[in-house]
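Protein sequences, first through last, are from chains A and B.
With the numbering used here, letter number 427 in the first sequence gets 427, and the count goes up by one each step, no holes.
With the numbering used here, letter number 42 in the second sequence gets 517, and the count goes up by one each step, no holes.
FYI, nobody ran anything at the bench for these hints, they're computed from the structure.
No incorrect hints appear here.
Taking beta-carbon pairs under 7 Å as the criterion, some of the chain B residues facing chain A (in silico): (1) G541; (2) E543; (3) S628; (4) S647; (5) L649; (6) P740; (7) Q758.
Examples of chain B residues toward chain A, derived with CB under 7 Å: (8) S539; (9) P627; (10) G650; (11) Y759.
Pairwise CB distance ranges, derived in the manner of DEER restraints: (12) A:K230 / B:I773: 51 to 57 Å; (13) A:D150 / B:S637: 54 to 60 Å; (14) A:T156 / B:V644: 56 to 62 Å; (15) A:S228 / B:G582: 47 to 53 Å; (16) A:K230 / B:I785: 55 to 61 Å; (17) B:I629 / A:N462: 35 to 41 Å; (18) B:S599 / A:S228: 52 to 58 Å; (19) B:E555 / A:Q224: 47 to 53 Å.
Please read these numbers as outputs of a predicted model, since none were measured by experiment.
Where is the CB? At the ideal position from N, CA and C, for every residue including glycine.
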Amino acid sequence: MKLKWGKSLTLLLITALLLMLAAGCGSKSETKTDTPATTTETPKTDTKTDTKTDTKTDTKTDTTTTPAEAAGPELEGDFEVQYFVGGYGDGFWKEAIADFSKKYPKLKIKESAGPKINDQMKPRWIQGSPPDFVYIDGAGANATQMVKDDQLLDLTDWLETAKNEDGKLIKDLLIMQPVKYDGKIAPIPFVFGTWGIFYDKAEFAKNSWAEPKNWDEFLAVSKQIKDSGKMYPFIHTGKYPYYINGGLVDTAVVVNNNYDGSILDKMQALEPGIFKSEPVKKALDQVKQLVDAGFIDPASAAINHTDSQSLFLQHKDAFIPNGLWVENEMKKDVPKGFDFGFIPSVTQPAGGKFVAIPYTSTVGVAKKAKNPEAAKAFMQFILTEKYAVRWAELTGALDNIKADLSASDKVSSLSKQASGYYNSPDTVVAPYIELNADVDKVKQDSTQALANGKITPEEWMNRMEAAAEKSRGKK
Amino acid sequence: MITVNNAPSIDHAVGKPKAGKGMNWKTKRKLFIFVFTVPTLLFFCLFMIYPIIQGLYISLFDWSGGSETKSFIGFDNYKEMLNDPILGHAIYNDYFLVFWKVIGIVGLGVFFAVALTRFRMKGSGFFRQVFFIPNILSVVVIGVLWNYIYNPSIGFLNSFLSLFTEKKVEISYLGDEAYAMWSLLPPAIWAGVGFVMILLIASILSIPTELYEAGNLDGATQWQQFVRITMPLTWEQIKVSILWVVMTTLNGSFVIVWIMTEGGPDNATQVMGSYLYQMGFRQYHMGYASAIGALILILSLITTLALQRIMRRDTYEMS
Chain A
1 MKLKWGKSLT
11 LLLITALLLM
21 LAAGCGSKSE
31 TKTDTPATTT
41 ETPKTDTKTD
51 TKTDTKTDTK
61 TDTTTTPAEA
71 AGPELEGDFE
81 VQYFVGGYGD
91 GFWKEAIADF
101 SKKYPKLKIK
111 ESAGPKINDQ
121 MKPRWIQGSP
131 PDFVYIDGAG
141 ANATQMVKDD
151 QLLDLTDWLE
161 TAKNEDGKLI
171 KDLLIMQPVK
181 YDGKIAPIPF
191 VFGTWGIFYD
201 KAEFAKNSWA
211 EPKNWDEFLA
221 VSKQIKDSGK
231 MYPFIHTGKY
241 PYYINGGLVD
251 TAVVVNNNYD
261 GSILDKMQAL
271 EPGIFKSEPV
281 KKALDQVKQL
291 VDAGFIDPAS
301 AAINHTDSQS
311 LFLQHKDAFI
321 PNGLWVENEM
331 KKDVPKGFDF
341 GFIPSVTQPA
351 GGKFVAIPYT
361 STVGVAKKAK
371 NPEAAKAFMQ
381 FILTEKYAVR
391 WAELTGALDN
401 IKADLSASDK
411 VSSLSKQASG
421 YYNSPDTVVA
431 PYIELNADVD
441 KVKQDSTQAL
451 ANGKITPEEW
461 MNRMEAAAEK
471 SRGKK
Chain B
476 MITVNNAPSI
486 DHAVGKPKAG
496 KGMNWKTKRK
506 LFIFVFTVPT
516 LLFFCLFMIY
526 PIIQGLYISL
536 FDWSGGSETK
546 SFIGFDNYKE
556 MLNDPILGHA
566 IYNDYFLVFW
576 KVIGIVGLGV
586 FFAVALTRFR
596 MKGSGFFRQV
606 FFIPNILSVV
616 VIGVLWNYIY
626 NPSIGFLNSF
636 LSLFTEKKVE
646 ISYLGDEAYA
656 MWSLLPPAIW
666 AGVGFVMILL
676 IASILSIPTE
686 LYEAGNLDGA
696 TQWQQFVRIT
706 MPLTWEQIKV
716 SILWVVMTTL
726 NGSFVIVWIM
736 TEGGPDNATQ
746 VMGSYLYQMG
756 FRQYHMGYAS
766 AIGALILILS
776 LITTLALQRI
786 MRRDTYEMS
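Please model the complete structure; the sequences and the hints are all you need to start from.
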């Protein structure tokens, strides 16, 4: 008896293991069979919707009498939304999705969200059964790469005519136009912000340092700061050199190109010789000036964003290149009396314009979406002025729709300062570009080395030309 | 080897004299061995062999890691590796770490083990625990901790050095190509010493004290006792320690590098593992990353085999 039991147990064990092995191998060989049904299908749960938003949406849907015209026919079936949850939280998406599902009650909406969602959903994209709508943000997500991998629906024609819920042409409302890949548009910029140089207005006032408006003033006050011995004039995030690229180097490139941002497009296109052109050289020389004057805190070389921002908040450094999210990100560590000052660029000569280098996170529709109509309708639903205000209120950042934020007192002062710059005729908002990942890596390494005084502008340019050359060879 | 006589006696001990009815002991023994080896083998195949084969397979493709399609390019990824200066530097860095970690971890481990056992130090139990603590910390924690120590502006190390200088010390240890690799060593060594030390303490304690007493009577110094008695009799453990350090370094130095420098500044601390990650997940060349993975596998195998060859000694029996 006992033995039989033991025997069958081992047999059971072995068969179980064999099955597991078979299952393990099986899944990979069947990558092509896309089973459309998502096994765990959770019908929309709007437990999070608070009453406040309820009333809001109701009034909205009532007033817009022609939603069908914008969104097409009645929507039904499954609709899956993938969104990354990071610094901006998930409040906005929860609210928007809840409102959307109220408008289209026949839609079964599934949310795939979280801080690791990009990795979690990757197998689905590879196997060709992606979600319908995707908000592309966070680690592991890269819009350009998704276009390269042919994962996103071509929205070129759609954008030409698409109107939002309020019946307004979406194209006209976008602050920043989408990146064109070989003339085609797939990801639509949803978040909008720009890089810039940040400082503490209060500290500057206390020491009677002048807030700089151009390069000469910047150098002058930096010298003053350095001579005071109180702090270093400038710190940057050496571990992630795209901060200094966005806040300093790229602004200088556009400034030296006579405020013509098309040079950035040419960089994205990896035009031969573009990284050796005169504007680039002049821009790098400006960085070199900072290095030679000893204005850059040597601590910058290897520290990450939190460390550099901490040092900045502790008044170890006066200026930091950063993105508009910095206030929100460091909320808990901002000392009392700290008053964020922001300037899009410092590299322009006296009397010149400000140059703002934008950043974004995009939204897109999957090429293999099962419900592309719903995904497009959702875009039309959120790309409205109303949701632009809600985004600003819920995240402290700006989205890419031109909207009047001054009415809302929940929008951060930094966002309002920034938005003041963008609306000014003295500011040039450069086009948004995404360099090829290989070239971008070389750019970051080179800029870090340049700011660290390890290489010359010439070496920077040579490295970039070589990297661009290599990438061009790879199709 | 189990002898013929042993098998029935096992049955006896379990108290199942008639258990083998209809099955002779040979089949039973086979079944017994089968039950213990096959599941392990299956798991090994599933979690080791299959991924390795899959990785080798992917390394023959040009694949971004995200697209549905991959294009077969044969050995092009491997050819490209030959012309990649960063990869060459990464390999150099890996062996730099291997060399200094072996010296540091095994050297210090042996020293501490001998000190805590043979020198009859006071409070050896306390030191044993102190040295072992880093081993129960995650490498991630260690990396973050040492990042703070190295912080050029508010870090402990520069503050400490500043006590002895007139001007404030502001060395960016991880930000300067000249120091960055060296700066990775102390945390890596600190994290590994405890394990080797414990291993060797156990081994030294198992050496009969008579041997040392005899040595003392013959007038052997501590050093001579170490070279003539301790070293030969703990050689197996030292060998295991060295191999352990070598293998964990070649396969696992990724973690500490990624936490502390992400391969920077300017690729100065790139190791094969971090470069693999950079290529696969940051620059979207999964095929190339898999080829780097294959290279790590090959280099680890060669290194381990070569080391085993070099370190082969006649074993001394203690009886």
